[in-house]
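Numbering (numbering that gives the first Met the number 0), first residue to last: 0 to 157.
Simulated from the structure, these hints should not be mistaken for lab results. Predicted, not measured: the structure shown is a model, and the values here were computed from it. Hints should not be assumed to be uniformly reliable.
Unchecked claim - Here are the computed lysine to any residue pairs in the SDA-like style, where the Cα-Cα straight-line distance is at most 25 Å:
#1 94 x 130
#2 137 x 72
#3 123 x 99
#4 130 x 82
#5 123 x 93
#6 53 x 10
#7 8 x 34
#8 53 x 8
#9 123 x 147
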Amino acid sequence: MSVSTFGDKGKLVLPPAKQLTIVTCMDARIDPAASLGIPEGDAHIIRNAGGSAKDALRSIVISQRLLGTREVAVFHHTNCGMLTFSTDQLRGIVKDAAPGDAAVAKQVDEIEFLEFSDIHAAVKSDVEFLKASPLVLKETEITGWTYDVETGKIERVV
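Based on the sequences and whatever the hints tell you, model everything.
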């Protein structure tokens, strides 16, 4: 996009028109808005490693309480990098890159990297986490989905 094709996007209002928040992965192969047919201004899209609802909770609270969203859709995808490691392995990689650095070791040991081994189970777990959270508005519709990076197919899990 360039300035010449920006159009009237400056007139979009701050709250998302569809009152929708999407939580999805930061994977560069995924363009959530385009894949779901969502134009700018319609939804908040929260991206993080693995599309973790736990990692996105702070943003969901802001989205709901300050900007009026009332629906959350969690999307995980096939061939996700979060399927390829464990927290202990990643902690070891970080520590090995900074041998003897106690500050690095302490801080990386405090992080849970939220990897998973099954995308359907991860979707269900994230939806259950959000439904159980007292910070998420009780009337929120929460759904869980998978996206196939090889075909573009979207499947509802919950």
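Evaluation of the provided hints:
{"no.": "1", "hint": "94 x 130", "in the structure": "violated, 35 Å"}
{"no.": "2", "hint": "137 x 72", "in the structure": "holds, 15 Å"}
{"no.": "3", "hint": "123 x 99", "in the structure": "violated, 39 Å"}
{"no.": "4", "hint": "130 x 82", "in the structure": "holds, 24 Å"}
{"no.": "5", "hint": "123 x 93", "in the structure": "violated, 30 Å"}
{"no.": "6", "hint": "53 x 10", "in the structure": "violated, 32 Å"}
{"no.": "7", "hint": "8 x 34", "in the structure": "holds, 20 Å"}
{"no.": "8", "hint": "53 x 8", "in the structure": "violated, 31 Å"}
{"no.": "9", "hint": "123 x 147", "in the structure": "holds, 17 Å"}
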